[in-house]
Each structure stands twice: as structure tokens, then as C-alpha cells.
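From first to last, the protein sequence lines stand for chains A and B.
Every position in the first sequence, counted from 1, becomes a number in the working numbering once 515 is added.
Every position in the second sequence, counted from 1, becomes a number in the working numbering once 515 is added.
Since the hints were made in silico from the structure, they are not lab data.
Please note: incorrect hints may appear among the correct ones.
Any copy will do: because identical chains look the same in the list, a pair fits if it lies in one copy or spans two.
To be verified - Taking lysine-lysine pairs in the DSSO-like style, the calculated list, with each CA pair at most 30 Å apart, reads:
1. 1074 - 528
2. 527 - 1074
3. 649 - 778
4. 1091 - 976
5. 1044 - 527
Below are the chains, spelled out letter by letter.
Number of protein chains: 2
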Amino acid sequence: MGKLVRVNMSEKKVVVEPLPDQCEGKGGRWLTSLMVSEEVPAGCHPLGPNNKVVFAPGILTGTNAPNSGRISVGAKSPLTGGIKESNAGTPFPQKLARMGYTALVVEGIVDDDSRWLLKLGVDGGELVPADELKWKGTYEAARMLLDNYGEKTAFMLIGPAGEAKMAMAGIAFNDTEGRPSRYAGRGGLGAVLGSKGLKAIVLDDTGAPGVDPVDKDLFKEGQKKLVDAIQSHDVTKKGGALNSFGTAVLINILNEAGGLPTKNFRSGVFEGAQKISGEAIAEAAKQRGGAGTMGHSCHPGCIIRCSNVYAREDGSEHVSCIEYESSWSLGANCCIDNLDHVAELIRICNDLGVDTIEAGVTLGVAMEAGLAEFGDGPAAIKLLGEIGARTPLGHILGQGAQFTGEAYGVTRIPTVKHQGMPAYEPRAVKGIGVTYITSPMGADHTAGYTIAPEILAVGGKQEPLSTMDKVTLSRAFQETTAFIDSTGYCLFIAFPILDIPSGFEGVVQTVNGMLGTGYTGEDVGAIGKEILQAEKDFNTRAGITAAADRPPEFMRYEKLPPHNHVYDISDEELDKFWN
Amino acid sequence: MGKLVRVNMSEKKVVVEPLPDQCEGKGGRWLTSLMVSEEVPAGCHPLGPNNKVVFAPGILTGTNAPNSGRISVGAKSPLTGGIKESNAGTPFPQKLARMGYTALVVEGIVDDDSRWLLKLGVDGGELVPADELKWKGTYEAARMLLDNYGEKTAFMLIGPAGEAKMAMAGIAFNDTEGRPSRYAGRGGLGAVLGSKGLKAIVLDDTGAPGVDPVDKDLFKEGQKKLVDAIQSHDVTKKGGALNSFGTAVLINILNEAGGLPTKNFRSGVFEGAQKISGEAIAEAAKQRGGAGTMGHSCHPGCIIRCSNVYAREDGSEHVSCIEYESSWSLGANCCIDNLDHVAELIRICNDLGVDTIEAGVTLGVAMEAGLAEFGDGPAAIKLLGEIGARTPLGHILGQGAQFTGEAYGVTRIPTVKHQGMPAYEPRAVKGIGVTYITSPMGADHTAGYTIAPEILAVGGKQEPLSTMDKVTLSRAFQETTAFIDSTGYCLFIAFPILDIPSGFEGVVQTVNGMLGTGYTGEDVGAIGKEILQAEKDFNTRAGITAAADRPPEFMRYEKLPPHNHVYDISDEELDKFWN
């Protein structure tokens, strides 16, 4: 039976409870969305005493199922005003699960400006005053944690942006080498922890009992099928697209499809795309040598290894990692084609503890407002510095793209439910637009990654510019994704399991083996649907209606080059997603 | 038959059309809310090309019915995201109506940073480039208009805050002496005009045909009844409360009731209340002499005369006028008890073209965030200066209280639907809370002024701390008010007509005399209900649900001294307002 840790920041109390019955057999997003729905009043102020942050490793996290080291974090979002689940791949939840913890809930708020650190061991935890970490960037704070608690310590950290309660603040976890670089980035969850005064969590897994599947044979059978599928698919295999070039392999692909949002979503083509592409990152790793490397993993057990470490010209480590979304948001979207500038922008984001997607979309809107010129990397670096310095301008930018646009009366604000749109232009790829628009999370590509069939011909081939059946397509992806986000599996297993039926069987078998359940393939969609519905219901209670399931108005009347489409899936069609 | 002026800012065209049939016999809020509902897509960006600003004099405006010189301005609000009607008393709509114009609609947006002035005469209008007015404060701009178009010119102006598209920007109209001091202040309508590039309107009423009641005798009969009622009621008669002390006579009354929001809604009692009260303003007028005067009127035909002109120590004019809401918001709510500081804050607000209520509530939140000390008048003056200088901090403050609170992670933000609460504490006066919470306008005391029975014993006596029947009370007030806001009558006629039945008869008779209709007393409520429902429906389409009909969360758990009540009308009870 699992355990639940409740950390009350008002009372400075840490209590370990048995996992409630209705939480048994759940994990990841399933569990965070369920608990947030049940325990957080939908109308509460996201930074007030009634919001809660729920951490949950996936169902399989802590096992040796491949790529299963993800943790979900849930709360009411200060960015969207709705429910939020954001997840990251990191050793942290693997330890947490092996220590016997199914979920960790942070409640209450501090009533002063103090900072706290949660030390959690197998037998319970304690809150320790941590004012020495106050306003520390995540790199310095991580170093202090590793010095104090050992190089192998798993940790969670928020940066200064979270402490300043900025809505673009994410939550950082350690990677396999102790970098604070693995982010549950989206939706401002770092700000919620900031309001609670919880700067860090460190895990001491001494004596951890580990995680045991109920049906080991079934588990192993499924595990093998999934490993085989991952290792045989072109996207995920060793030496495949992700392993060789990282996720930024998508830069050139989306650019060629006319779907790479450029200059604050003014065009789908970026002249400088090649210079910030995965190929360019790989080339730099080869040319510069030193710390630079491709094929890096974010947690033990990852066999895709799409992460990277980017080095400066002198070979010293600059940042890990340059993801597609970051290279796009801080690069193409701002017309910045200098990879060293992009790397520096990512490094600053990581240090401040902010979501790189929201940061880049915000910089695009700031450039639109005239606060810097498009393409000016040093000016963009300076703008992020304002966030760190907590100037008034930093307080504007730190609240995200929608907020920045509102501060300056901008009408071209590429957001849904106040969350910045990721790296795929909905006017050029209509299905991903449905996902952005209908997801309870706000604009989020990971909520239903229709890019797979629309751009990559994975799981079939769909015409990106067509509006046909895109609501149905997005719904199928969103349901399956909600399930995958509950397992602890990295979403990238979707590539092989969409194309290789035995891979999908493997996923279901590992879950059944782990839990002793008898879920079928159909149950995957049904469970996903149930999760989505709980999230949607929370949002409805929070006052988020169909009127928020809409693209930004400018996408209805501004045509996007080079295809010159507006977003033309009608409101009525979009409403069918939930009806 | 009335005429409609359509001003298209995209095409720089001015067209006069016959009034559509469904607009005949309507005026003021009835007409603005109807036209906004029909012509503005509820989901549009408030500052984008699809929003429209509708100006409409009241049904009786332009006649010599007493106190009938009000104009309604409607649009989708950039502050609340919902429909907005804001009204002001000024000679402007009296001229507009006499020129034969029932409504004026401003459509489209400019696509550059140009400014325009609309010259409107009896035979039509033209848009004139007005870059010479760009970023000019309203006092200087008004002087330029009067110099160019004559001292008797009626004008509308927006200030620099509107040009900067700030959501606390209002719309200024001239008073009887050409001051730009009469405001349709609430809801950021100045920013909508800013997005349209329309800095000013001037009226040339040469050859105006005037306004003629259909049934002159009935009109006169009603007019006499209403004049008699106004002149015999203690609140509104010559030498009565409003005439002697202005609206700020309420400062001491609300303070004694424990309902004067103080220190960003932390208490209902302000130690320095007396110093910023109507009595103090009247005393200053007596002591200082010079320009200072009480009993000033905002438009010809006003027989209540509650306005004032406040003088500096040397007798020179400082500002007109110090209203209760302004003295409260910029005074008590910020713990500022120096009337000269309050006057200067109001003067700056007028010059910038911002709503004094939103400005004061915003300063209270800014003080909460630590941007200045409560009680520090010079610091508050400096903060307003940031708005004028359009610094990043100015862009935060200029967007209002909710925005400022969000920028700094404040949880004590006294707003409903993002609009700052006015000068009556809902925890101490429960019925006005229902009005704040349920009005389609956001927190607005004028939408249903239950203060009359709850505090002033006008129209019966209701216990302010009681929750009993307050939804019913507020509904009755909101319905009647929506009707009064359509007539052009000043809302202060409500005091006499609540207590004196013949006064109410007079209101109905003047309307019937004007239009040739046969409305009864019951129709008043029915028409008001119809207006409210149209506004509510717009908001629903804009995505504003029952979840937005809620008090700020902190009022649910923080007790307000001295009565130590939370806001305890339940969500279920509040939902009955619309169900």
C-alpha cells in the first residue's frame, strides 16, 4: 500500500498518511488531477492558502520499465486559472517511488517572507528553514544542496521567479548529473510553491524498499515489447532522429512545413532556422568538443536519450539541454538565429526557474510591444535579466505572454487560456491547434501531439492544412496522452507505440503487471477520457467555459505565410470536442 | 426620427444613418448595451478591430427635465472582459441630443500611432488629424480644444492613459466651465478609444433642431413632480446633504457604520476620515475662499448641484471635483488623510484620464505589494506619475488593481470581474456586496445602490450586516437603475423617488411625455431586467460565468474590523440573483 506525504506550510508540519483508497493504483497526472479536483476549491486564489501542489510519480516510475522516470505536478495554475498538470523526466520521482511515496501534497502558505526546505526520508520528513537559499538562482542553489546533502541527492527546486510568484515560474528537478535542468515548466507551478515558501525538497532514499510489480512476468513481457519497439523505431532508436539531433531535429522539419512560428507568430518560416536546428547543435557538439554532447539522458532507464549538453566555443559547459521548444521560442519566435544567444537565454531561464516556452513567447510579445527589436539576442538576454532583478518590467515579463501583451495593449498575443502557444503554428497545422484550444491545460503541444501524424507521418498520415476530422484526431491523442502521463512513461514512447502494435501492448502489460489489473487497450482511452473530464470539470467550476476554447482572435483574421491560412476550424466544430 | 453617426477609424469615414427601428425610443444604457450586444462579437479582443464604442445620451437628455444631462458609453471592457456601460453628467450629450443624434458609434482601429479628432456638426462629421494632441494631458488638451473651437464647445477627450491603452483609462467630458472633469470613468473605455486613435470629439451645435417631447403636457406634469420631489428631499434639496457637502458627505457616515474600506480593505474604519470628509471640503471652501466652492453643477439643468471646486491654500483652483469615491479611494483606502494630497491625486487622475476609483484601489494594492507605504501621499503621487511617464511600473498600475496585484503575487485584491471595488465594504454592508458581485459591470456601486436603505434609510431601512433578502434587494435596485441609466437622469434622483411616490411618477411621466409611450411603474423594472439580461448574455458569450459572480476569496476568510464579519452570503444564494 502506498503512502502519502502531506506538507503543511502554514503549520510547518509534515505528516505521512496511508494512501486513500481512491488513489490506489493511480499515479502521475491521473493522481494529481484527481487530488487537485477533490481537494482544491476551484475558485481559490492560486497563490492563496487554499491551493495545493500535488507531486506524483507515474504508476511505473521506480521500476526498470524503459523511460518511465517522469513525475507529474498538479495544482490550480496562476497562469491559466485552471487545473494544471506539468511533468518532467528526472531521477527524483524514481527515488520518491522507491521510498514508498505515491504522492506528496504541499498545502497552506507561509505568512512571512521565509523560505523552507523539505527533507524527506523513508520514515517521514521535516521542514528546515532555508533562508540561505532565498533568491538564489537554481544553479547556485543546486550546488548548495549537493554540497550539503551529497552529490547523489535527488532534489526539487524553484528559482527566484517562483519565489517572486511569477506565473512563468516552473519547477526544476535534478538530472542524472545533478543539474537543476529537468523542468515541470508550464503553468506557473513554481509560483505556487513560491507562495508556500517551499524553495526545495531533498530526498534521502536510504533504506528505500523499492518498487515491486504485482505480476513480475507480465511486467517483464511488456517491458521487453516496449524496449524492442523503442529500439526499432526510426524516431526513437539508438542513432535515430531524437538520439542524434535531440528534439530540435524538428526545427528544420517544421520550418519546411511552414509551421515554425516566427516573429511572434507572424510567419511559419524562419530564415535562420538551420542555424538553431538540431543538426546545428549536433555539429557544435562535434566541432567544439569538451562538455558538449548529444544522446544525453534525463533519468536512469531512458533508452531514447534525446537530451544534450551544449558547450561554449572553448568547450566548457554552457547549458543542458537545448530542446526544440526552447530553441524555437527563444530563437525563431524572436528571430534570433545565434545558437550561443539561444543557449544563454535557456541558461538564464533555467537559473531563474522559468518555463522556456512561456519565456520565449513572452519575449516575442515584448518585441511586438517595442521593448526590443526582433532578432536582437543581447536585448533579449537583457530583458530576461529584468526578471532576475525583479524590476517592474521583470514583474510584467515574469507573468507571461498574455500579461505582457495586456500591459502594453498588444493584440497579437499567441496564447490559449493565457498560456503561451508552443512551437507549432496552428494555422499551418490545424490539429495541434485543436489540442491547444481544447486542452484543459491551455496551449500545450504535449497534451495531444497530433504533430506525429500531421507532420511526421507517425501513426498514419494526416494533411496538416486540412481541417477534416481534426477534433476527433486531437481527442484521441489527448485521451491516450492523459493515460501515458499517468504511467510515468516519457511521451516519446508514443512514436513507437503508434506505429508498432506490440509496443502499445507492452505499455498495457507493464501497467497490468505493475498493478495486477486487467486493463485492455480500450481502457487506455477510457481512463484518459476520465482524467480529461475531471480536469474539464475543475475548469468549469473555476469559470473557464467554451468561450475560452478559442484561438486568439488575430489568428481568425490574419493569414499566416507561406500557406496564407487563417485558423479555420469553426467555433462550432471546436465545441464538439467536449460535446 | 433619430440619427446615428458611425465613425470608422480604419477607413477614417464618418457616416450619418437613420436610427435603426429597434433603437427607436431607447437611450443611454439601454441603447449602448443593446448595440454592443448586437454588434460586438463577445469573444473579440477589446482593443482589436472588432470592438466598438457606443455613445448614447439618455432618453430625456437635451430636454429641460431636471438632472437629465447624462451620457452612456458602452463597449467590451478591457478591464473586465465583459460588456461595459459607464456614464457621466456633462453638457456634451445635451448638445448631441439637440443636434438630433441618438447614438454615436466608433468602429475599427488605426493601424499606426496617429491621433484623430472627430468634428461633429448637425449635418455630419469629419475626422481631423490630431497628432498635436498626442500624449497631452486632458487639461492642456482641453485648453487647446477650447482655443480652437470656442469656449462653449462641448468635447470628449481621452488622456495619455487611454492613448497607452491602459485598462484604468476613462473618458472625460467637459463640465459647464470647460473643465475635462466629467468622467465615464469605469471599465477602461478610454483605452478602447486609444486603440482606435480617437483622442477627442468636439461638437458644433450650430443649427441644432433641439429635442421636443411628443406629449408636452404630460412631460411638463412629470417634470414638475420630479422637481418638487428633488427639492423637498433632505438628501437632494437645496442646502441638503449633497448640495452642502458634496458626495463626500458619505465619508463620515460610512466610517461610523464601519463600512469605509481602509488600508486596502483591511478595516472598515479610518482614523483620518474626518480630514477628508465632505465637511472638511466645505470647510476648506469657506476658509480658503478664492476658486473653492460647493454646490457646483456638472451640467445645465442640474438642481442638486453636488459637485465642488477645491482650492489650494492661496485660493487658486486645485481640482474639480472631490467626489466621495475619489476621496475614499485615494484617501482612506490608501490611509492618506491629507486633503491637499487627495486633491492632487485626483487632479493627476483627471489629467492622465484615469478612473479615480480604479486608481485608488490600485494604489492600495500597490502599497500592499510594498511599492509605497500606506499613508504616504507624496509616494502615491509619485506612483501615479509612473503612469504618466509610461514606465514599466506605470504600465502595471495603469492596468488596474487586479493586474497590479497579479504582477506582484498579492492575494488581497479587492475586485470583482477584475474591476476595483468602490467605497463601501461588502463585509460591513452585505447588500452592496451582492451588487458588486452580480452586476454584469463588475464591482460597481452605481449598478444597484443598496446603500440607500442599508446606510441612509432611504427607501426603507435595511440592516447592513444582515444577509437576509439582500439578493432580492440588490436585484430590485439593479433593475430600476438600468432603467434610470437609460433616461439620462442622474442616479441621485433615486433618493427622492424612493421616498416620494409622486417623484417616481414624475420620472415615468417625463419618459412617456417624451416618447409618447404608455409605460407604467411596473415597466420600469421590466425594462431594467431586459437590459440586465442582455448584458448578462453578452458576458456569458464572453466566457464570464457564475464562477465570476463571487467575492474576492480573502473576504471569505478574513474578518473585517470593527464588526469582524466575513462576507457570508453563500455562493448558492448569490447564484439566485440570475436563476
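**Prompt:** Of the hints stated earlier, which fail here?
**Reply:** As far as the earlier hints go, only 5 is violated by this structure.
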